[in-house]
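Place chains B and C on chain A using the hints.
As they're listed, the protein sequences go chains A, B and C. Be aware that the first sequence starts at 0, since it is given in numbering that gives the first Met the number 0, and climbs by one per residue. Be aware that the second sequence starts at 0, since it is given in numbering that gives the first Met the number 0, and climbs by one per residue. Be aware that the third sequence starts at 0, since it is given in numbering that gives the first Met the number 0, and climbs by one per residue.
It should be emphasised that the hints constitute simulated quantities derived from the structure, not laboratory data. Do not take every clue at face value.
Claimed, not checked - In silico DSBU-like cross-links for lysine-lysine, where the CA-CA straight-line distance does not exceed 30 Å: (1) B:Lys215 / B:Lys196; (2) A:Lys135 / B:Lys177; (3) B:Lys215 / C:Lys65; (4) B:Lys108 / A:Lys136.
To be verified - Stretches of chain A that chain C covers, calculated by requiring three or more beta carbons in the stretch to come under 8 Å of a beta carbon on chain C: (5) 30 to 38; (6) 94 to 105.
Ideal Cβ positions, reconstructed from N, Cα and C, are used throughout, including at glycine.
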Amino acid sequence: MAEFEPKIVAFVCNWCTYAGADLTGTSRIKYASNVRIIRFPCTGRIDYMLLLKAFGEGADGIIVSGCHPNDCHYTSGNFHARRRWIVFRSLIDFLGIDIRRITFSWVSAAEGAKWAGLVNSTVSVIRDLGPYDDYKKIANFIEKEVSHG
Amino acid sequence: MENYIIQNGSLENLFDALVAGGKTMIAPRLKNGKILFGKVESFSEISQDFIQTAQSAKEAFFPRTEKLFGYTCSKNKIVLEDVDPEMFPEVILWGIRPCDAKSLVPLKKIFNWDTGDQIFNRRVEKTTVISFSCQQSDEFCFCTSAGGGPGSTEGSDILFTVMGTDGYMAEVLSEKGKQILDLNSGLFSKAESHTNKDQFLAAIPVRFSREEVSKKLASYFDSGIWENQSLRCMGCGACAFVCPSCACFDIQDESHGNRGTRLRCWDSCGFSLFTQHTSGHNPREKQSQRWRQRLLHKFAYMPERLSVYGCTGCGRCSRACPVDMNILQHLISIQEVDHA
Amino acid sequence: MDELRTRARELLESGKVQLVIGYEQGSGGKTRPAFVENPEKTDSLIFDSRCIQNLAVYVTKSEVRKKGRPAIVASVPVLRSLIQLASENQINDDTLVIIGITPGLELIEFKTLKEVGSFLEQYSLELDARDKEMICKLDGMEPALRWKLWMETLEPCFKCYACRAACPLCYCTRCTVECNQPQWLPVASHLLGNLEWHIMRAMHMAGRCTDCGSCANACPVGIPLTLLTRKIMLDANLNFGQTGPSLTSGNIMSVFRPEDRDNFIK
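With the rest of the complex left out, here is chain A (with noise of 0.2 Å):
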């Protein structure tokens, strides 16, 4: 039986840490390769959805990151971005969604080592998580004929 390879999802903003998860790339640093990698121009642009679509697109981990506080190459948007990670990260822990399969952080463009630590620790837990089948279930509509009581 094939071991379960996680699918991460991560939604990065273009300055800082898709910059950075290309310093990691140049840098030669080895990492895992389950992540795939959407890119913003800013962490504000993050629609919290998102996060959501994607897990019920077949995601089992999501990674979200972008500049640290004061970095953000828009000013602010990072700090808005924050503000809604507080809100709907809360909100969705509330509702039984898995929070610990998202990973928020501040990555930097110098940060190569920092973004394959972050994968590579993000996909160790998923692993051992197993796949995200609870949410996958009311997503695939297309295996259940009909809703209703």
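Frame of chain A, contents of chains B and C only:
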């Protein structure tokens, strides 16, 4: 059609026998503080003492979200997988009211007025309707004004009427009903010919004449009454969704990559975008026009085009409405006052 | 009651307002919103503890605004919604005449929204104790159990949007669920569609909800929506110090402080 008697205790035995027979039993049960329809497996789960459930039982034949077909797109072709109506479960609706059973009359007309809706029809064929007549009513009920009554048999396969402490009278009204009787004949005994259920039914006075209202409505299209009546309407879909006869739906495709499903979902003519055209024009852009549509559709257009009224007087819309758009009061007002 | 009717009649007769939005006797022993344009008809207006529908939902409706300047009968929850609407530039001092009703059933007329704001300072928002207890209980549960409970609770939802319609702060002429290029939220009322809708709405209420409870009262299938809105309010208070609607402090999701702190960002 023959009448039978079943003793109080045996009713539960009948229920258990039906469950054991592998059928899906849908009955009223308490959830979130309201009485809703849901799958039940034991007699004790069924709510007993209530006037009407919060939602109707139309989900058994017209689910709120239903797969019509699936599709897979590849290089130059699309493969469709139709839903297999033979896979629909055999359902028994237990404990619905005569006003709910009667809704099958308009629903069948709506889903068969042009091309017969195969999926709906198959679900109806696979559903057995076991109704219980009403001993009590409230101010929202008006089945007798809507061509029905607390003991009406329209749409039911078996109608039970409780007769004080002497058990239930069972009217077996169709082949499906007879099948259940035959499989459980030990629980039933023949009723005496003089057994009459009328004394055990709720007294529900007729409040308006739907023929008169229907005639009047035809001339009220441009009347100012619609605006007056609908100012407090907030345009939600609660009335349409709890109604047993409302059958408007939306078609949605939900796709994941190159695979997808076409779904049919409930919709309401009360929503502001219900008649929005892609051009941006909306022929019913005001709530008053949408409220007018609701009443005319049920009491004028449907009788005219389909020879059937679109309302069975269950009163759920009025009970569910957050701002008390009491449809009965509005209809009485239309009959009694000249609003032209 | 008489004072209210007299005042309503005066306002209509003087032409200061063209419409009075209040409450009248409804069916089933409940009250319902009433719209009085004729000064002779103000006797139908009532006010008592049954008047819980939030009338502020009507001040943003074009059909109501077209009638002219309205006066609104406003209990404390309605006043809070009006302040929140004002802070979002949906109404101003000229839009309407506010006939306030204190919890002691006294009439109090406000000349400006600022006066309403000051008046409300003495009625701090206290969240319902039972809901707070339930929220605590849920917070202490295993997440997997919480998930199961919420899936069961949200299952009856059939997307009638009565919660949205009843909420005075859901005034968007085109709601996000009505956008279909792309279809951002599923229209269908399967579990995923219901979950995404309720999360979306709760997030849109973050920092804006004034706890009138109209959403939960409107729900025809009894979904405990106030658990979600009150959870959001508790978070807004805990993390950003918000205590209620305000004309000056700005929406918690639109502003920020560099000193905001989290405990989970790596």
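We went through each hint and held it up to the structure:
no.: 1; hint: B:Lys215 / B:Lys196; result: violated (35 Å)
no.: 2; hint: A:Lys135 / B:Lys177; result: violated (44 Å)
no.: 3; hint: B:Lys215 / C:Lys65; result: holds (28 Å)
no.: 4; hint: B:Lys108 / A:Lys136; result: violated (36 Å)
no.: 5; hint: 30 to 38; result: violated (count 0)
no.: 6; hint: 94 to 105; result: holds (count 9)
Of the hints listed earlier, those the structure fails to meet are numbers 1, 2, 4, 5, in rising order.
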